[in-house]
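S.K.: Hints given; two lone chains; assemble the complex.
Protein chains in written order, with our numbering: chain A, 1 to 312; chain B, 313 to 602.
In short, the hints are calculated from the structure, not lab data. This one's a predicted model, so the numbers in the text were calculated from it and none came from an experiment. Treat the hints with caution; some may be incorrect.
[Unchecked claim] In silico EDC-like cross-links for lysine to aspartate or glutamate, where the CA-CA straight-line distance does not exceed 20 Å:
{"id": "1", "chain 1": "A", "residue 1": "140", "chain 2": "B", "residue 2": "596"}
{"id": "2", "chain 1": "B", "residue 1": "323", "chain 2": "A", "residue 2": "142"}
{"id": "3", "chain 1": "B", "residue 1": "323", "chain 2": "A", "residue 2": "105"}
{"id": "4", "chain 1": "A", "residue 1": "222", "chain 2": "A", "residue 2": "204"}
{"id": "5", "chain 1": "A", "residue 1": "299", "chain 2": "B", "residue 2": "411"}
{"id": "6", "chain 1": "B", "residue 1": "323", "chain 2": "A", "residue 2": "199"}
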Amino acid sequence: MSSYSVTEPSSRQKWIAGCLVIAYALITIMPLLWIISTGFKTQNDAIAYPPEVFFEPTLEGYVNLFTTRTRQTEEFLQANPPATWYDEIVHERGMAIVGPSRFGERFLNSVIIGFGSTFLAVVLGTLAAYAFSRYRIPLKDDLLFFILSTRMMPPIAVAIPIFLMFRSLGLSDTHAGMILLYTGVNLSLSVWLLKGFIDEIPREYEEAALIDGYTRFQAFYKVVLPQAATGIASTAIFCLIFAWNEYAFAVLLTSGNAQTAPPFIPTIIGVTGQDWPAVAAGATIFLVPVMVFTILLRKHLLSGITFGAVRK
Amino acid sequence: MSDWLENHLPKVVLAPSFIAILIFVYGFIGWTAWVSFTRSKLLPRYELKGTVQYEKLFASPRWDTAMDNLFIFGTLFIVIAMVLGLMLAIFLDQEVRTEGVIRTIYLYPMALSMIVTGTAWKWILNPGLGLEAMIKGWGFESFTFDWLVNPDYAIYTVVIAGVWQSSGFVMALFLAGLRSVDGEIIKAAQVDGIPTWRIYTAIIIPSMAPIFLSAFIVLAHLAIKSFDLVIALTGGGPGYATDLPATYMYAMAFSRGDIGQAASSAMIMMGVVFTIVVPYLYSELRAKND
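The shape of chain B in the complex, shown without the other chains (with noise of 0.2 Å):
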């Protein structure tokens, strides 16, 4: 028995895990596609009718708004959160004193769950109780700032909420990217003259490529997860101004009952985040093990 388990213990200890994953990862992610192609309602059918949930997707305006929503969000916040993270990044390289505490301040948005930290953000956009009323109240009347309740805008407050939560953990990225550079080139452009500007823009940002791409891929994919963040601050409203696809799945599947409607729109989110993030991470892991 011990001979048996000493020589077969890594399969053993590795099955739970792996069984798991397969049956409620790839299992039921091979479910819902097998779904999204019949016509179920209320209860799943497994009869296969073709790409009838995929028309009826994109002739959805529902879906239009919600992929609209996840390119004007998912642009925003990536190029915005990339934008003061290596700001920030840059600023707390300049040897500030209480970087240790503030480091732990940036990341801790992140740690937070974004439902509860949403009430705030709620009360702080709310016209009538947060910024507007604030800044009115020192005078400025004709002050207004009513972005969550305005279906045009409130993408937009999603957006603001999205940057506070991640643009700390960019920042880190590219603080942990920018002590990775060479120290002797940039001593070697200093002594030739260069201004510390062009140090930045040609020499120390080029060389942390890799870690723009990172932070893309973790930005991009949150992005595509977002759902609490929607959930906390509109509802996914004004009506469904602020749907993004997973809000709009969700709808579907639990409040719609329209299950076909559900897994095509899953497939679609599954089929966005494959393909960023897989090349990525099989790269990544390909240049770790070499």
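In isolation and in its complexed conformation, chain A is listed as follows (with noise of 0.2 Å):
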């Protein structure tokens, strides 16, 4: 499909052409360049006016990032020099470290919460999608109609009773929760998803292993899953993306045991006063995944965000 044309452009067209999509995506990766870029500056480069393009890059924003410190008198931080490069950094600015910050924990809640409920969707969503695939199914069209229809749907509008049925069976901010939660969102694209890589697979591959003796389920098992499991990783990452990107409801319903790091990472200004670096280290280490997963997945990318309507 690459470097395929509807017209035949001249070398000139081209040449505009590549200019302006450059420069548009230059653009594009301008907010992702100043996220990476402040989280190495010192605090006073990263507001400096006018801004700084070069400088000299240093790893206190990640430091502060980990840690709380306090300031302290001149004569303590005399008494105790710095043990590792981390205290030497935060020792500059004379300050000493007290403890670790919550960013560890809320970034593992994310993993948890992110892999957890990526992990149900996907199992739930590959035994609908093969039933939905293989077998006639009484109103099978209404009945996937019904679940992509949900997918549509602003999920804040059911965001009332939610809150209040986490909150009457004691939910609200626990992992198993949040991973209930994500599950369900999830379980319509999911089906969705599944459908569409299934479908592809011949069915004659399985009636020959049926033939040969297997089970319904051993020729779904060692049949089916080998041949979908590309379709199954990339609907595993699209279900990972939109349950490590949430926000509306993490910020609703967690508040501490359980928080994920998008709400905690705006909060990061209101702790230490506007620390640009160490929001930008945050941002960076939470957006690294998806970026890697974005690249892995650049050829499905498409087909995820369209519900498999548009599959290149």
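M.R.: Listed below in structure tokens is the structure:
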């Protein structure tokens, strides 16, 4: 599909078009470059006027992200020389580390909730998609429509009953509650995408396996699953990206124990007073996994956003 | 046992997903609909009181602002993202060599958390720190760009960030569309000496009508769902100048303790999404299976 054009452009057209698309790509990537570079600036460089493009990189933002610090007197700092490189960075600002920050916990929560809900959504979704793809199911179209329609609705519209339910069942601010919620939200996408992938696997393989004496489940497990591996992997990444980025419910239903990174990162500003490098460092660490997944998934990215309507 | 399982397997595997969706989506929508006809405040109440909440909602200036904003934001967001997306797709289709890399760059904002990338936008749009400070720093002292903190213009910053987030995705949709246009017709038109721009306006773009519709539907439902975008940039402010229905609903439910108002605004939001999305989804599904 690459380097194919509906019209055959002249070399001048190609050149102008190339410049324009690259210019827009630079605009697109600018916020990301800002985040990554600010993470390596000092506080002063970050708010320098005019903004600094070339600067001496420091890990101060990252150290601040992972620690809590207090301002100390000169005597105290002299009496307690820095023991590690990160102590030293903090000492240079006239401060001492008093403990870890909450960022590590929040990040771990994002990992637990993201992977837990993805696992459940993909397992349930694969089973449902297989049934939709291979069995005669009464009202199949209507059921599929019913499942897909949920994805288009604004999830925030059901926030009140979910909030009340979580509170009365004791699910508020628990990992289990968030995993269940994200599994539910992701199920429709997972069923829908996986049905598309399983539809593409020829039935003949399973039929041959059934004739060889496999049970239905063995045929599913040993024949269909390996064939659908790519589809399952990309569906899993879509579910993970959703759960990873979700904000509205995370900020509503979690506050401490199970809080994920998205509600936490913007609050770094409040804690240390506009600590842009620390915010940017947190944002960088948070965005990197998704950036890696985006690159891995670039061929399937579109089908996930359009529910498989556009495959390429 | 295994025979029973064999026969009922499809129902058994479908049941959990089906029941979950039935209760947690449709059940909860039903609950919200019911509560929207009550006088619920901090706690839900279940005695029906008619349409008081809706009357109150339509009389509320804040809701008015939210709906106006949805209209301004939705229109600009959809139009700009589509025009930009189409242009980028056409340019990228001119055999640009680094296409693969550029496509991935264009698509990435859609995959990243707006709450987190929003921190960069807040900084860029901040008059004292970002773009304004930078251009002033270059010597243009009279340059001002304070939309983020100006109640009359703040909504347009939401449009900028929204377009930034979605235009690449629209581009990819159109690019796929461009490449499914029948090459023979275009070759024939070229042989007849029809200029390239005419080929685009008369043949290629009209033949992509279904893609325009898909892009419109996706963008429209994104606009109505927009929540993270506003929270990340302006938090609905200054004042409530950039409220959208989703942020209005959230504020009513969880900071004002007015569940009845929140429920009625949720129902209006749902109604808007429904009228746009459902006919489209249904026809798509029918077309696919016929």
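S.K.: Taking the hints in turn, state whether each one holds.
M.R.: Results of checking the hints against the structure:
no. : hint             : verdict
1   : A/140 with B/596 : holds (15 Å)
2   : B/323 with A/142 : holds (15 Å)
3   : B/323 with A/105 : violated (40 Å)
4   : A/222 with A/204 : holds (14 Å)
5   : A/299 with B/411 : holds (13 Å)
6   : B/323 with A/199 : holds (19 Å)
Taken one by one, the earlier hints fail for this structure only at number 3.
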